Amino acid sequence: MKTYENQGNNDTRSGFGAGLTELGRTNPNVVALCADLIGSLKMDQFIEENPERFFQIGIAEANMMSIAAGLTIGGKIPFTGTFANFSTGRVYDQIRQSIAYSDKNVKICASHAGLTLGEDGATHQILEDIGLMKMLPGMTVINTCDYNQTKAATIAIAEHKGPVYLRFGRPKVANFTPVDQKFEIGKALHLVDGTDVTIVATGHLVWEALEAAKALNEKGISAEVIDIHTIKPLDAKAIIDSVSKTKCIVTAEEHNHLGGLGESVARVLSQHNPTPQEFVATNDTFGESGTPAQLMEKYGLNADAIVKACEKVIKRK
Amino acid sequence: MANTQQLEDITTQVRRDILRMVHKVNSGHPGGSLGCAEFFVSLYNEIMDRKEGFDMDGIGEDLFFLSNGHISPVYYSVLARVGYFPIEELNTFRLLNSRLQGHPTTHEGLPGIRIASGSLGQGLSVALGAAQAKKLNGCNHLIYSLHGDGELQEGQNWEAIMYAAGKNVDNIIATIDLNGQQIDGSTDTVLPMGSIKDKFEAFGWTVLEIEKGNNIDAILKGMAEAKSLTGKGKPVCVLLKTVMGNGIDFMMHTHAWHGKAPNDEQLAIGLAQNPETLGDY
Ligand SMILES: Cc1ncc(C[n+]2csc(CCOP(=O)(O)OP(=O)(O)O)c2C)c(N)n1
Ligand SMILES: [Mg+2]
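From first to last, the protein sequence lines are chains Y and R. First residue of the first sequence: 3, per this note's numbering; consecutive thereafter. First residue of the second sequence: 832, per this note's numbering; consecutive thereafter.
Be a bit skeptical, because a hint or two may be false.
Unchecked claim - Far from chain R, some chain Y residues (derived; all Cβ distances over 12 Å):
{"id": "1", "residue": "Gly10"}
{"id": "2", "residue": "Asn11"}
{"id": "3", "residue": "Gln47"}
{"id": "4", "residue": "Thr74"}
{"id": "5", "residue": "Arg98"}
{"id": "6", "residue": "Glu213"}
{"id": "7", "residue": "Gly289"}
{"id": "8", "residue": "Lys300"}
{"id": "9", "residue": "Ile316"}
Unchecked claim - Straight-line Cα separation of at most 30 Å, DSSO-like style, residue types lysine-lysine; simulated pairs:
{"id": "10", "chain 1": "R", "residue 1": "Lys855", "chain 2": "Y", "residue 2": "Lys300"}
{"id": "11", "chain 1": "Y", "residue 1": "Lys300", "chain 2": "R", "residue 2": "Lys1091"}
{"id": "12", "chain 1": "R", "residue 1": "Lys1028", "chain 2": "R", "residue 2": "Lys1072"}
{"id": "13", "chain 1": "R", "residue 1": "Lys1028", "chain 2": "Y", "residue 2": "Lys174"}
Stated by the list, open to error - Stretches of chain R that chain Y covers, calculated by requiring three or more beta carbons in the stretch to come under 8 Å of a beta carbon on chain Y:
{"id": "14", "stretch": "939 to 950"}
{"id": "15", "stretch": "982 to 991"}
Hint data in this document are derived by calculation from the structure and do not stem from the laboratory. Quick caveat, the model's predicted, so the values are computed rather than measured. The beta carbon of each residue, even a glycine, is placed where N, CA and C say it ideally should be.
Take these sequences, add in the hints, and give me the full structure.
The following block contains the structure:
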């Protein structure tokens, strides 16, 4: 079984910061906006190097989204930065009308997504954002899994024309994808070959899926692991090809099972290849305060939960 | 009626509570909490007319809404110290399964809390709704609310400010924590807002300033005056000039402690500057 080495824990938001810094040096049209969370979004270096291309909006996310839309008129490529909650639900109609419907080239970069935001609690832990954003016509939705991938994705979305939602997180997590791996929007990453069950994961759950595959391997179960960093457009072929071999699937995401990756996968499979599926996701609930690890345990979003879901879905074949 | 010394003693204890709560979980927001400690202590012990116990509708009593929910440490400490829940529960701040969530919430049923806050900019609208419900209920009690100055950058505030004056919601006293700081720096460096006083007045509010927002006598006097200005057809705004991090010398006058907890050594220094009065939880 193919295994992956953790190159050292790092936060995905720092990957975003590093990607933005690189864009600052290579693409003069890239501009950045923030709503009083520069440090949290790791935008300091970009700002230091390109003060004239940075807009501190203040605590006014709705204003930020529509200003970003305006900046595209004249060829700028705006990257907005705030927490995932304030990047989506807080400003949904601004995104819907000024960005998505108007087809503006805005990159909505959202940190502190999901439960792993930790102690701040449910007011800040959005578990509905993938659903909100994937429902918007024309919106590309990406949830990266580690530092390297987040950096690569940040750079890649500047080249893509059209609105993008880039979702990443707060805690330091395993960094395991190759440092020089190019990011292809909409192209799933085949991480581990397997024959008994397919695990399709996104964001922080990808590393957990790899851990789960190891544990399953020790039990004599061969799991295929796919990193779906792009939830929309979904790489349907990668999913269908895999389940035609394994005949069952587990989806894993740090998000509500309503509206998340799992439902997108279920739609594809029900149309093309109906397949038993289990969902590792939150169960229509808000989050709460706690450490990231405690919360992922309590809400069933870790390697253990993936192992259990795999064992369950295999029995349903 | 408590005297000033008694209220100061409570405040000292509240500062200890704040420091110990955020230190234990290495997260939370001490800066704004400390800046508003005198205000909360005065509000809950003297200014508000409160009933025994807690019920959501709060008919026949004054109500308070915290819009800048990140200063939950001071809110929780004062709620516990005036008896809404046991002070021992302060030990559970931000822990898994606690009622004392990072930001205030009704979801876990903590007595004293009537609305979730944390996502900034929504509290004034909620307070206005509650104020209008009081009027519909024929209840003559008042609504108090607190808002950060950085928080005023959220546009919804200005919708609410316009609404309150336009609809003559005159049973509300909205206080602004004018500490001049927010996360990324001073409010002037992040987004200069000009005169908050002129803005509220232009929108049709009665505005009152408390220059010494960390002085209990000044708060009591100012809030009594604010109360006398309610019921006259206009909403009332109090601009409370506070010092972020007040009472812990190394935390004062800076945004650095907005959302950062002290380490062991810093905790010890802070506690030494604020000797126990009512007793630690
Ligand atoms: C809608 C929203 N945007 C951003 C944040 C993140 N945030 C929390 S506190 C804060 C600064 C608030 O400044 P201020 O109201 O002046 O409070 P102080 O720092 O003085 O306590 C920010 C930006 C938030 N909680 N809600
Ligand atoms: Mg402030």
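Consistency of the hints with the structure:
1. Gly10: 22 Å, holds
2. Asn11: 17 Å, holds
3. Gln47: About 15 Å separates Y/Gln47 from the closest Cβ of chain R, which puts it past 12 Å; holds.
4. Thr74: 21 Å, holds
5. Arg98: 17 Å, holds
6. Glu213: 22 Å, holds
7. Gly289: 10 Å, violated
8. Lys300: The assertion about Y/Lys300 is violated, with a minimum of 7 Å to chain R.
9. Ile316: Y/Ile316 clear of chain R: closest Cβ-Cβ about 31 Å, beyond 12 Å.
10. R/Lys855 <-> Y/Lys300: 21 Å, holds
11. Y/Lys300 <-> R/Lys1091: 26 Å, holds
12. R/Lys1028 <-> R/Lys1072: Cα-Cα ~12 Å, so holds.
13. R/Lys1028 <-> Y/Lys174: Status violated; Cα separation ~43 Å.
14. 939 to 950: Contact hint for the stretch 939 to 950 of chain R vs chain Y: holds, 5 residues under 8 Å.
15. 982 to 991: holds (count 4)
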